[in-house]
Each structure stands twice: as C-alpha cells, then as structure tokens.
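*Asks:* Single-letter residue listing:
2 protein chains.
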Amino acid sequence: MALVVQKYGGSSVATAGHIKTVARKIVDRVARGDRLAVVVSAMGDTTDDLISLAEQVSSSPSPREMDMLLSTGEQTSAALLAMALHDMEVSALSLNAFQLGIETTGRFRDARIVDLDLSRLRHRLEDVQVVVITGFQGISPDGDVTTLGRGGSDTSAIAVAAKLGVPCEIYSDVAGIYACDPRVVPEAKKLDYVVYDEMLEMAALGAKVLHSRGVEIAKKYEVDLYCGSTFSDEEGTRIVNTLPEWLEQPVVTGIAVDMDQMKVTLEGLPDGVDLLTRLFGCLAADGVNVDMISTVSAGGRTSITFSVVSGHICQVRDSVRESLEGIDGWSLSDDSTVAKVSAVGVGMKTSSGVAARFFSALDGAEVSVLGTTTSEIKISVLVPRDQAGDAAKALVAEFDRREEQA
Amino acid sequence: MALVVQKYGGSSVATAGHIKTVARKIVDRVARGDRLAVVVSAMGDTTDDLISLAEQVSSSPSPREMDMLLSTGEQTSAALLAMALHDMEVSALSLNAFQLGIETTGRFRDARIVDLDLSRLRHRLEDVQVVVITGFQGISPDGDVTTLGRGGSDTSAIAVAAKLGVPCEIYSDVAGIYACDPRVVPEAKKLDYVVYDEMLEMAALGAKVLHSRGVEIAKKYEVDLYCGSTFSDEEGTRIVNTLPEWLEQPVVTGIAVDMDQMKVTLEGLPDGVDLLTRLFGCLAADGVNVDMISTVSAGGRTSITFSVVSGHICQVRDSVRESLEGIDGWSLSDDSTVAKVSAVGVGMKTSSGVAARFFSALDGAEVSVLGTTTSEIKISVLVPRDQAGDAAKALVAEFDRREEQA
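In order, the protein sequence lines correspond to chains A and H.
Here UniProt numbering is used: the first residue of the first sequence is 1, the next is one more, and so on.
Here UniProt numbering is used: the first residue of the second sequence is 1, the next is one more, and so on.
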C-alpha cells in the first residue's frame with residue numbers, strides 16, 4: 001500500500017457532476033491499493049462569487065474577514081467530495097485547516113505555510129482510505145484563518161506531500177506542462193519530464209498549470225510531482241529533481257512567453273552604481289515591478305534597458321525623473337508593446353552554442369530583439385509584442401530538433 | 001459599558017443588503033457604549049442550497065460531512081457581517097466554532113453544547129467592539145464539526161449569553177411573541193413579557209420565533225431573553241424568570257394551536273397499569289410520538305384517548321393490536337382530523353376558575369371538545385381541526401379580558 005497526495009483544482013470540482021467524476025477517479029486509485037490525501041480547491045467560480053459578495057457589503061473588505069469568507073469555498077468542496085466517495089463505498093472524511101493543524105504566517109491573503117501537524121492526518125488515515133483536505137488555507141499564530149494567495153492549493157498539496165515524504169499529483173483541466181503555452185504555439189508538445197529549476201523559470205508556461213511557490217517547496221524537499229488531466233487518462237508531466245538516467249537532458253526544455261511587458265530605455269547617464277541604486281530604489285518604492293535589466297557602459301556613459309511588468313508608463317516616467325533629479329544629459333524612451341520570450345533548460349549549463357542557435361532561430365523568423373538577459377539555464381529576449389508568437393514558434397521548432405542534431 | 005449577546009436569524013442576513021441593515025443596527029448599539037457578541041445564522045436559503053448540493057453527490061450524505069458542509073453557511077455570514085461593520089468604522093471580527101472553542105457532543109446534525117471556552121471570546125472582546133460568532137455549530141470531542149439541529153443558532157446565542165452571564169437578544173423578521181400565532185388569530189396581541197415555563201409550553205406559539213432548547217438553557221441559567229424584529233424599532237417580547245413586580249401575572253399568557261394531531265380512542269379495556277405500559281411501550285418502539293393521554297376508568301373497564309403527532313394511522317392501529325394481543329372486548333376508533341388547542345399561563349397556579357372560563361369560551365364558540373389534559377400551567381383540548389381557529393379566537397378574546405375582570 002502506497003500513500004499518495006492528489007490535488008484537484010477549481011475547474012475539476014466545478015459542479016456536483018465534476019465532483020462525482022473526481023470521486024470515481026479516486027475510487028479507481030483506491031481499488032489499486034493506495035491510500036490518498038486529496039487536496040481540493042473551491043468549486044469553479046465560488047471564490048469570485050464570495051469576493052463579489054464581500055464587495056457588496058464593504059468598499060475595502062478586511063483581509064482577515066476575507067480569508068474567513070474565502071476558506072468556506074474549500075470546506076464546501078472537501079465535504080462534498082467526501083460524501084461522493086462514501087456514496088461509492090470508499091471510506092473518506094474531510095479535514096479543514098483547523099483539523100489538520102496547518103500553521104501559517106499571519107499575513108492574510110498571502111500567508112506562508114510554517115508547519116503541518118501530521119500526527120492528525122496519519123491518525124485519520126488509519127481509519128479511512130481517503131482524507132480530503134481543504135486547500136489554500138491555514139491558521140495563523142493567533143488562531144485566525146489565513147489563505148495562501150494565488151495557486152495556494154498547489155502549495156497546500158505539495159507541502160503535505162513534502163511533510164509525508166510521498167509523491168504529489170496535481171490534476172487540472174490541462175493535461176500537463178507543454179514546451180510552450182499551447183495558446184501561443186498550438187503545435188508545442190507536452191513534456192514527459194521537467195526539472196524543478198526549469199519549472200521555476202517556466203512559471204509562465206503551460207497555461208499556469210503549477211504555481212512556482214509549490215515548485216520551490218517540491219524542489220527543497222525533493223517531492224516527485226506529477227501534473228495531469230482530471231478528465232482523461234492521457235499521461236501527464238513529471239517534475240523531478242533529475243531526469244531518469246536513460247533520458248538525455250534536452251538543451252532547452254521549454255519556451256516561455258510573457259506578453260505583459262513594457263520596455264524603458266535610458267541613454268547618456270553618467271557611470272556609477274549609486275545611480276542604479278537610486279533609480280531602482282525609486283521604482284521599487286513606487287511599486288513598479290522591474291523584470292529584465294541590461295546595462296551597457298562605454299566612454300564614461302551608461303545606457304540602461306529594463307522591462308516593467310504591469311506598471312503604468314506615466315508612473316515609471318515620474319519615478320525615473322525623480323530618481324535622476326540633478327543629473328543632465330540623459331534621455332528616456334519607452335515602448336509599451338513588447339513581450340518577453342525565454343528559452344529554459346538545465347541542459348544549457350553543459351551545452352555550447354545555445355545562444356547562437358537561439359538568435360539564429362529568431363533571425364530566421366525576422367524577429368527584432370530589443371533587449372537580452374541570460375541566466376545559467378535561461379536566455380530571455382524582449383521582442384515587439386506582435387512578433388512574440390513567431391519568436392516562440394521559431395524557438396520551439398529549433399529546439400525540438402535537438403535529437404537529430406545531438 | 002455593557003456586554004450583550006445578539007442573534008440574527010437567516011432571514012435577517014438573507015442578502016448583502018440585509019447584512020448592511022443588521023450592521024447599522026449594531027453600529028447604533030455600539031454608539032450607545034455597549035460591546036456585542038453577535039451570533040448569526042446562514043444567509044436565507046444557504047442551508048437548503050447546500051443540502052441540495054449534497055443530495056446531488058450522494059443518495060444519503062454522511063452526517064459528519066453534512067455538518068462540515070452546512071457549517072460554511074454561518075462562517076460566510078459571520079465574515080460578511082464583520083466586513084460590513086468595518087465599513088461603518090466599528091471594530092469587529094468573526095469567530096467560528098473552532099476559534100471560540102464551542103465543545104459539543106459527537107451527535108452530528110443534532111449535537112448538544114457541552115462547554116464554551118470563554119477566555120478566547122473575552123480576550124478578543126478586549127480588542128474589538130463586536131465579535132461575530134457563527135451560530136448552529138460546534139466541535140465534537142474528536143475535533144469534528146457538528147451542528148446543533150433546528151433552531152441551533154438560538155441555542156448558540158443563549159449558551160454564550162448564559163456562560164457570559166449577560167442578556168440575549170434574538171432578532172428575526174417577527175416582532176416578538178404573540179398571544180396566539182397571528183396566522184391563526186390575526187388579532188392576537190404581541191406580549192410584553194413571557195415567563196420561561198410558559199415559553200416552553202408555548203413552543204408552537206408565535207411563528208416559531210424561539211426554539212425550546214434555547215429556552216431551557218435560558219431558564220436553567222436565568223438568561224434575560226428578548227425577541228424582537230431586525231427591521232423595526234417596535235418593542236418586542238421579554239422572556240424572563242419572573243415578571244417585574246409592578247406587572248400583575250395574567251392568568252393565561254398565550255394560546256397555542258397545533259394543527260397536526262390525530263386522535264385514537266380505546267374503549268372496554270380491563271383496568272391495570274401493566275396494560276398501559278404495554279400499549280405505550282409498543283407505540284414508542286414503533287416510533288409513534290404520543291402527545292395527550294386521558295384515561296377514564298369505571299366499573300372495572302378503562303377508556304383511553306390519546307393523540308398522536310405526525311404518525312401514520314395504519315401503524316398506530318397495528319401497534320395497538322399487537323400490544324393488546326390476547327385481550328378481548330375492546331374497540332378502537334380514530335380521527336385524523338383533530339387539532340390541539342392549549343391555554344398557557346403560570347398565573348393558573350394561583351387562580352381558580354380558569355377551567356370554567358376556558359370551557360365556557362369554547363362552548364360559546366360552539367367548539368366540540370374531544371379530549372382534555374391539564375398541567376399546572378396549561379389546559380389542552382383536542383378539537384375538530386376545522387374548529388381550531390374558532391377555539392383559539394374565543395380563548396384569545398376570553399383571556400384578553402382579564403384586566404376588566406380582575
């Protein structure tokens with residue numbers, strides 16, 4: 001008998017009918033001799049409906065009460081799934097964050113899991129075949145209900161699996177992780193394996209199948225993760241520490257596309273790190289989230305290109321002007337219609353010529369490169385937003401040919 | 001500064017708009033310098049909606065999971081009310097059964113409160129003006145969520161008030177307790193005061209404003225209870241241990257009508273208590289709920305009339321035949337179209353002639369009396385169901401004239 005953690009997302013438990021489908025999937029697994037801890041999200045639109053109710057009674061709902069309110073969503077789906085399992089003659093019971101002893105920090109709406117009291121879970125698993133756990137929620141040191149922020153149920157599931165030292169299976173309406181978001185590159189293939197570090201870099205990949213906080217926990221505790229579809233038996237994607245030995249590590253595993261970027265370029269600045277400190281300090285203080293930064297220095301003058309995620313261009317301009325007050329001779333240009341396209345792969349560490357293939361592919365697709373940054377396992381470029389799709393397609397095609405070229 | 005417990009029922013928090021109305025009522029009270037522990041029910045039809053969801057996933061939902069499911073209803077309304085109070089600049093927070101430490105028995109769907117951990121409530125009331133408490137729910141010795149059965153939120157509120165030693169105000173869409181159900185006798189007056197024992201006898205009175213389990217707790221711990229309307233400032237009804245000294249105790253406080261009775265008469269039985277034991281033992285074993293019992297014995301033969309609540313006449317006949325097997329010479333007759341009409345008043349203990357006035361009023365209204373039982377503070381008669389309204393009207397009129405006659 002093996003113990004396994006499974007997680008079903010909101011679209012997998014959206015209706016009573018969906019919940020019965022999930023129950024049948026669990027029943028089949030139990031019939032194979034496994035015991036399960038199943039983490040569930042709230043049903044479909046429940047969370048949005050509750051937020052809308054909150055906004056009807058308050059112009060700025062208290063975060064503490066919002067968490068108290070939202071946590072009812074998972075309790076509802078957990079209880080219903082346990083009932084559906086009973087109806088199929090599988091012994092099951094639901095546990096909420098109080099009952100499971102999920103301790104978190106006290107930051108409402110975005111708490112972090114601090115500890116889990118596994119003795120309670122193990123105790124209950126002695127009596128029943130399936131324990132259904134409310135995802136997304138925990139209890140603060142003051143005994144208040146907290147929620148874990150976006151993707152929180154993934155985090156709950158992976159944390160439970162990490163603490164139990166067992167595998168974790170994440171089910172949703174997507175069949176796994178793809179080499180590129182299928183909405184951008186429909187021909188992108190589903191990946192059999194992804195390494196934790198790649199998954200972290202590819203957070204934007206694969207229609208948000210998996211949240212990066214959960215992956216960080218999986219990496220830290222080496223939890224075997226699996227992402228698959230609730231509604232089909234198609235094989236999904238395994239996220240692991242290292243690939244199986246028989247599998248050669250590809251150079252590039254996936255292509256990530258982030259459409260929501262804005263490019264800012266400053267030219268003619270005097271050299272000096274203090275200026276950068278002032279500049280990025282000022283932007284951070286104004287709540288501007290800076291992503292890619294490239295600097296080029298020549299002849300005592302520095303040019304800086306950086307990209308900004310979801311900021312307002314007027315605010316960026318104001319922040320920059322404020323930070324550079326008293327300095328002359330510089331100019332600012334901006335472009336709010338750019339996208340970031342990245343190739344990610346731990347194989348880059350040991351392969352040469354990846355950058356050449358990367359830029360050659362973009363060149364072949366006539367994509368303009370507006371800025372570049374690299375890490376050990378990633379190359380990112382800023383491109384005009386309307387060329388992002390072509391860029392991704394070209395990169396998917398280039399790096400999918402790896403086997404022929406190896 | 002006084003501490004007060006208030007309870008708002010499901011119809012009082014049915015929508016976001018209703019919740020804001022309740023919040024304004026609380027804000028006014030806080031402005032007068034009071035601190036409040038407010039117990040809430042689930043919003044309007046929430047409980048029914050959740051039960052319907054449960055029935056969609058299971059043909060006979062597990063009671064444990066049903067309680068887990070239903071308890072989300074009160075948590076939702078409690079969080080929303082706390083948010084609405086914040087929005088009106090009153091400090092408030094919601095607490096569920098885990099947070100408040102409401103210990104109950106382990107009987108799902110119908111648990112009894114065993115204890116409350118008031119230290120947590122008092123601690124929170126040091127920081128905020130209003131603590132909003134989820135009604136209807138508790139935690140079993142095993143740490144499972146339980147619910148308290150019909151009227152459970154009244155019980156929660158009264159138990160909190162009892163433990164704190166403070167008054168309890170029950171708000172609903174009814175303005176108080178009436179001398180008779182206004183649907184039966186529209187001219188029945190609202191009562192200013194009712195004594196606990198009367199309230200217990202009058203459980204069927206006043207459109208189910210107050211559940212008898214709560215009243216039992218109120219009586220035991222002498223909690224000052226008040227029943228009033230959420231939506232008007234009209235003065236409601238106080239339920240107390242003894243009336244204020246300046247108020248003369250009326251002979252009859254209220255007239256209760258129970259339309260759902262069935263009358264069974266046995267004649268020609270041999271005398272003997274053992275026979276009654278067999279008869280009522282057999283009915284109880286078959287789940288028949290016997291209410292009024294009258295026996296008349298003469299010439300060595302006994303006649304028995306009893307009334308049955310919500311049973312099936314065939315089952316009653318079978319039970320009776322089974323229990324009287326081997327005995328000859330008796331006959332059974334039954335009437336399934338009867339009602340019970342009762343006059344209740346602790347003043348009966350010290351007044352004479354109440355029975356005479358009672359029967360004279362019925363006689364004046366040409367009501368047939370099919371059976372009678374009395375207690376220290378109640379006279380009940382069985383009457384043909386179609387005469388129950390006339391009987392109630394006549395009794396309300398008769399005993400409302402007490403002041404002239406005193």
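These aren't lab readings, by the way, just hints derived from the structure by calculation.
Source: prediction; values computed, not measured.
Quick reminder that beta carbons are idealized off the backbone N, C-alpha and C, glycines included.
Worth double-checking, as some hints may not be accurate.
[Unchecked claim] So, partial list: chain A residues that the calculated Cβ filter (under 7 Å) puts toward chain H:
{"hint": "1", "residue": "Val57"}
{"hint": "2", "residue": "Ser58"}
{"hint": "3", "residue": "Ser62"}
{"hint": "4", "residue": "Pro63"}
[What the hints assert, rightly or not] The following label-pair restraints were derived from C-beta to C-beta distances:
{"hint": "5", "chain 1": "A", "residue 1": "Glu235", "chain 2": "H", "residue 2": "Pro141", "range": "41 to 49 Å"}
{"hint": "6", "chain 1": "A", "residue 1": "Arg24", "chain 2": "H", "residue 2": "Leu3", "range": "33 to 41 Å"}
{"hint": "7", "chain 1": "A", "residue 1": "Glu235", "chain 2": "H", "residue 2": "Arg112", "range": "38 to 46 Å"}
{"hint": "8", "chain 1": "H", "residue 1": "Arg112", "chain 2": "A", "residue 2": "Arg32", "range": "37 to 45 Å"}
{"hint": "9", "chain 1": "H", "residue 1": "Leu3", "chain 2": "A", "residue 2": "Gly281", "range": "32 to 40 Å"}
{"hint": "10", "chain 1": "H", "residue 1": "Asp233", "chain 2": "A", "residue 2": "Val309", "range": "15 to 23 Å"}
*Asks:* Please verify that hint: Pro63/A, Cβ, nearest Cβ of chain H, below 7 Å or not.
*Replies:* Given a least distance of 10 Å, the restraint on Pro63/A is violated.
*Asks:* Given the range 38 to 46 Å, decide if the beta-carbon distance of Glu235/A to Arg112/H lies inside it.
*Replies:* violated (52 Å)
*Asks:* Could you say whether the range 33 to 41 Å given as a hint is met by the Cβ separation of Arg24/A and Leu3/H?
*Replies:* Violated: the Cβ-Cβ distance is about 52 Å, outside 33 to 41 Å.
*Asks:* At the C-beta level, are Asp233/H and Val309/A separated by a distance inside 15 to 23 Å?
*Replies:* violated (54 Å)
*Asks:* So does Arg112/H sit 37 to 45 Å from Arg32/A, Cβ to Cβ?
*Replies:* Given about 42 Å between the Cβ atoms, the range holds.
*Asks:* Next item in the hint list is Ser62/A. Is there a CB on chain H closer than 7 Å to its CB?
*Replies:* holds (5 Å)
*Asks:* Interface hint check: Val57/A, Cβ to nearest Cβ on chain H, cutoff 7 Å. Holds or violated?
*Replies:* Holds, because the Cβ-Cβ distance from Val57/A to chain H comes to roughly 4 Å (cut-off 7 Å).
*Asks:* Would you say the C-beta atoms of Leu3/H and Gly281/A sit inside 32 to 40 Å of each other?
*Replies:* Given about 50 Å between the Cβ atoms, the range is violated.
*Asks:* CB of Glu235/A to CB of Pro141/H, is that within 41 to 49 Å?
*Replies:* This hint holds: roughly 45 Å between Cβ atoms.
*Asks:* Given Ser58/A as an interface hint, is the shortest Cβ-Cβ distance to chain H below 7 Å?
*Replies:* Since chain H brings a Cβ to about 4 Å from Ser58/A, closer than 7 Å, the hint holds.
Hints 4, 6, 7, 9, 10 from the list above are not met by this structure, while the remaining hints are.
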